[in-house]
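**Student:** Hey, can you work out the whole structure from these sequences and the hints?
First to last, the protein sequences are chains A and B. Heads up: the first sequence runs through residues 1 to 100, numbered per this note's numbering. Heads up: the second sequence runs through residues 1001 to 1651, numbered per this note's numbering.
In short, the hints are calculated from the structure, not lab data. A hint or two may mislead.
Using C-beta positions, here's what the derived DEER-type ranges look like [as the list claims (entries may be wrong)]:
no.	chain 1	residue 1	chain 2	residue 2	range
1	B	Gly1640	A	Val80	22 to 32 Å
2	A	Arg96	B	Lys1592	43 to 53 Å
3	B	Ala1612	A	Ala9	52 to 62 Å
4	B	His1632	A	Phe84	17 to 27 Å
5	B	Ala1612	A	Leu75	35 to 45 Å
6	A	Ala70	B	Leu1641	18 to 28 Å
7	B	Gly1640	A	Arg91	17 to 27 Å
8	A	Ala9	B	Val1617	46 to 56 Å
9	B	Gly1640	A	Ala9	20 to 30 Å
Even glycine gets a Cβ: it sits at the ideal position worked out from N, Cα and C.
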Amino acid sequence: MITVQHFLALSVILFGLGVLGLVIRKNLLIIFMCIELMLNASNLALVAMARHFGKMDGHVIAFFVMAIAASEAALGLAIVVTLFRSRKTIRTSDWRILRG
Amino acid sequence: MMESTFLSYLPYCVAGFPLLGFVINTLVALLWAKNQKPGSEALVKLVGCLFPILAFILSLICFSILRNSPEGMVISPPALFRWIDTALLTVDFRFMIDPLTATMMLVVTGVGSLIHIYATGYMHGDQGFARFYAYLNLFLFFMLLLIMGNNLLVLFVGWEGVGLCSYLLIGFWFTDEEKAKCGKKAFIVNRIGDFGFLLGIFLVMHTFLSQSQSSDLNFLDYSFIAQHKDLFLSEATLIALCFFAGAAGKSAQIPLYVWLPDAMAGPTPVSALIHAATMVTAGIFMIARLYFLYELAPVALQVVAIIGLLTALMAASIALTQTDIKKVLAYSTVSQLGYMFLALGVGAPQAAIFHVVTHAFFKACLFLCAGSVIYALHHQQDIRHMGGLFKKIPVTSLAFLVSTIAIAGIPPLAGFFSKDEILFHTFTHAPRIFYIVGFLVSGLTSFYMFRLFTLVFLGKYRGHLEPHYLPLAMDAPIAILAVLALVGGFIGVPEVLGGTNRISHWLAFLSTEIHGEEVAHHGTELILMGISSAWALITAFMAFSLYLKNPEWTKTLKEKCQQLYNLVSRKYYVDEIYDGIFVRPLVWLSHKFFWKGMDEAIIDGVMVHGFADISLVASRIISRFQSGFLGHYVVFFVLGLIGIMFYLAVG
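**Tutor:** What follows is the structure in structure tokens.
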């Protein structure tokens, strides 16, 4: 039987993969997808807990997260496109202007 | 006693006129500086001379009012404004004219006006002509403040003000570093004395605040102190000595006399006005003003007398060997000031002020003559390059001769009466040794003055340049001063010579001593007069014959007493000793400790640069974290997140 613990475990694994990708990948698009992965991991956890407790709050917040993720994706992709146009690269290791 | 309100403010105008002159001349000087070239001197001359003369006329009016009022009356105008108003102390900005002030006012404005007129010739063509007159007018203002104030604080403001003007005028030609240094020396040495003066004022305040129950807080007024002088019985000696320290600084007495000879770096009219006739007598004025305090402190009076006597002797001996015409006169001034302190110390403030007056006449005249000589000889000041000037500049020479006779104490010129009164008082009121030394010094005075006269005006001219023509503006004041030096003594002809000693009666209020006992000494007085006149004549003749007739004798004498001569001509090495004891250690301390140690090592090194270095190193380390790689930031972010969650879970 698949319990809420299984859902939470999957959520943690997905979130961890997202963080790992964020840390080690250099390609901006991949990083972007990792962020989406993390968001979805948290969505999964929210929905699972909502089902477990039989409340609607988690579902509502999951929809909020999806809406925000959609708009964030739109904006983020726009930024990535603009960056590529101006610098001809989307590898994060090529940008080190924040170095102290 | 004054009728209308306008007239009652008259005394303030006396000081106000020179101040006005200062303001106008400063504006002119600024204008010249802005245009970078001097403009017309006519306006400066007019303003610079007119206001002192107006002040002199007003002083004459004040004097005649005082003269015609009953004895013991004082002109006391209403306060100009309340200066300090606190719960512990009130001070009014207020003047007061008593006979002492009136006498000094006449000397300061009278001699001052003459020197202002003289300077129009002497300073003609100087780049700083307007600046010079601005300073000179300012000096006159402060000097009048000093003598006319009715309390110690106004006196102190004037005191510091004249010190400032003295500094500005000694270093008038400040592009010459030597002259600027002389100005600094005068200023710093005076500060030492002024410190004593300030302590004296504080002690007066302390004495009142700790003892007096009176609700009247004007306790720095002279009249107030005089009324409550019984409060000072225990403190009087200390207070008197503190004030004397101030007087010794301003009036160039041992150990603070070293600035006055160096003050000769200033223009000669300045030497005449400030460093001979007026400012340097401020110390004598101050002690005469506070004489009621000094009478409570016989020990302090002893100190005053001894210091005065020693200074007179030392300075007179140094004057014997100097070769700079102004330096001889400077040491002579120090010596004469010593006489005045001697007079104060032996209980004769009247004689001291009398000598101040006559000294102002003849010493101002001598200095102006020296100025004329220097001017005529194209700024030659060494008497070894002078001589035989009598025919070339007759007015100056005659005036110089008159003043020399006056200062030497040969009757019946001014110096004879005043100096003899001092010596007579010393004879009757002090140990015999005081009189003997004083008597010796009067011979030295006569000797070095006639030496100077002989070397400058008699014999053969030893210079190369043809003397200049001297303008009337320079000759006229000299002539007037010479006449004053000739007849000035008659204001104090002693009773034994058929006079009434008017100045002594005029200033009798200064001391409480009864003058009746002098009658008993009339015979002695006559004998002393005879002796000292003869002594002055003998030494004058000695100088005359030594330097004119037998100049080779001086050389033999010099060689015979080579060591003594060196000692004296190097001014007893006092400057060198001060340099070794005070100046060098102080400079060393400032340089090594305060500059290199405190300032550079601690304040700059540890504090300023230290903190900068620490933050630099710290920021270098911290900035390593800012690698610019996105991944690194995420790692820190995640680590932080984990940390927070751990904290929340555990905490």
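**Student:** Against this structure, judge whether each hint is valid.
**Tutor:** Here's how the hints hold up against the structure:
For the pair B:Gly1640 and A:Val80, the beta carbons lie near 26 Å from each other, so the given range of 22 to 32 Å is met. Take A:Arg96 and B:Lys1592: their Cβ atoms lie about 51 Å apart, and the range 43 to 53 Å holds. Judged by the Cβ atoms, the range 52 to 62 Å given for B:Ala1612 and A:Ala9 holds: they are separated by roughly 54 Å. The hinted range of 17 to 27 Å is satisfied by B:His1632 and A:Phe84, whose Cβ atoms lie roughly 23 Å apart.
Distance hint check for B:Ala1612 and A:Leu75: the Cβ-Cβ separation is about 43 Å, which falls inside the suggested range of 35 to 45 Å. Judged by the Cβ atoms, the range 18 to 28 Å given for A:Ala70 and B:Leu1641 holds: they are separated by roughly 24 Å. For the pair B:Gly1640 and A:Arg91, the supplied restraint of 17 to 27 Å holds, since their beta-carbon distance comes to about 25 Å. At roughly 47 Å, the beta-carbon separation of A:Ala9 and B:Val1617 lies within the given 46 to 56 Å, and the hint holds.
A hinted range of 20 to 30 Å holds for the C-beta pair B:Gly1640 and A:Ala9, which are about 24 Å apart.
Hint violations for this structure: none, all hints satisfied.
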